[in-house]
Amino acid sequence: MIKRHATSFALLLAGLAYFVPSVAGGAPAAYTACTTIAILAVMAYGADLVLSYLGEVSLGHTVFWAAGGYSAAILAVNYGWNGWATAGGAVVVSLVFACLLGLATLRTREFVFSLVTYAAAVVAMEIAFNWSYLGGSDGVVGIPPLDLPLLGWKFGGATNDELWPIAWLLLMATLLFIHRFRRSRLGTSALMVQMNPDLATALGVDARRVRLAVFVTSAPISALAGWLYAYQRAYVGTDMFETYFLVLMLTAIVIVGRRLLLGPLIGTALIIVQQNFFSIGGDGDKIVLGAVLAAILLLWPKGLVGFLDLLANRRRPAPQNED
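Here the sequence shown stands for residues 3 to 325, where the numbers follow my numbering.
Check the hints yourself; a few may be wrong.
Per label pair, the in silico range of CB-to-CB distance [said to hold, decoys possible]:
#	residue 1	residue 2	range
1	Phe179	Leu18	35 to 45 Å
2	Leu300	Pro147	41 to 51 Å
3	Leu18	Ser134	43 to 53 Å
4	Leu108	Ala204	18 to 28 Å
5	Lys288	Trp155	16 to 26 Å
FYI, nobody ran anything at the bench for these hints, they're computed from the structure.
C-beta atoms are modelled at their ideal positions from N, C-alpha and C, and glycine is treated no differently.
Could you put together the complete structure from these sequences and hints?
Here it is, written out as structure tokens:
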């Protein structure tokens with residue numbers, strides 16, 4: 003019952019986030035920050051499924067993030083597809099890539115899994131950099147404003163204040179999906195495979211099938227974030243494969259604590275607020291990001307939640323022995 007109320011409260015907080023730009027005075031900087039936070043948080047939630055529920059570090063999730071962006075760009079610029087069609091294309095492309103990469107890594111674990119997924123990201127970046135159909139080193143420019151026609155109405159737009167409702171809806175849909183995933187048979191099986199694989203096998207759980215299903219499920223989430231990011235920038239290039247986005251999503255996942263519904267969202271918000279409003283320069287911000295990730299992993303592996311628990315335990319008076 004307590005957990006159910008906590009989840010409802012978390013979803014309510016995320017819902018109220020819609021009004022943050024208005025409360026901030028409707029300034030363009032507020033809309034830009036909130037839209038970016040929503041998009042990058044969704045990107046992080048995709049990787050969070052693999053990290054938090056399989057216990058594996060996917061260093062190749064930038065492939066799905068970039069696949070969503072490139073799908074939106076190519077389909078919108080070259081074929082004139084609207085936002086619904088490009089979103090569908092992003093999902094399909096990411097699923098194909100996830101199936102191929104998931105099958106290739108099915109027998110790998112931990113260090114080897116991370117290396118193979120990272121190698122896949124490097125190969126994908128080189129292909130995009132050298133293939134003229136994907137814009138080559140120049141990327142794809144001139145992406146038209148997002149157009150989402152629905153029952154005679156048109157949603158979307160070109161500016162961050164117009165994209166904010168779409169980004170917020172994508173974020174809320176992702177949170178609801180993650181909430182259902184956590185309570186689903188697949189989510190429960192994934193945790194069982196991670197924590198006690200022998201027991202999972204004894205109970206008839208096919209660990210390989212579960213791993214592949216979770217990996218494939220995670221891909222469209224990050225891809226849809228990349229899809230909206232392409233419309234936000236009106237440009238897609240090989241910079242979407244950069245380690246900056248990889249480090250950002252991993253930091254967003256671990257900075258608060260794993261398997262927390264709002265964890266990646268709060269983590270992303272902390273990072274983007276620092277970079278947008280307390281920036282110390284592009285390279286300086288990257289150093290801060292890397293330092294925060296290293297500090298969390300070395301000092302408080304359970305994130306800020308674990309750090310707060312540690313402080314609470316230290317303040318608690320030691321039990322006295324009765325004579």
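Results of checking the hints against the structure:
Distance hint check: the CB atoms of Phe179 and Leu18 are about 20 Å apart, inconsistent with the given range 35 to 45 Å. The hinted window of 41 to 51 Å between Leu300 and Pro147 holds, with their beta carbons roughly 44 Å apart. Judged by the Cβ atoms, the range 43 to 53 Å given for Leu18 and Ser134 holds: they are separated by roughly 46 Å. Distance hint check for Leu108 and Ala204: the Cβ-Cβ separation is about 21 Å, which falls inside the suggested range of 18 to 28 Å.
With their beta carbons about 41 Å apart, Lys288 and Trp155 fall outside the hinted range of 16 to 26 Å.
The structure is inconsistent with the numbered hints 1, 5, although it conforms to all the rest.
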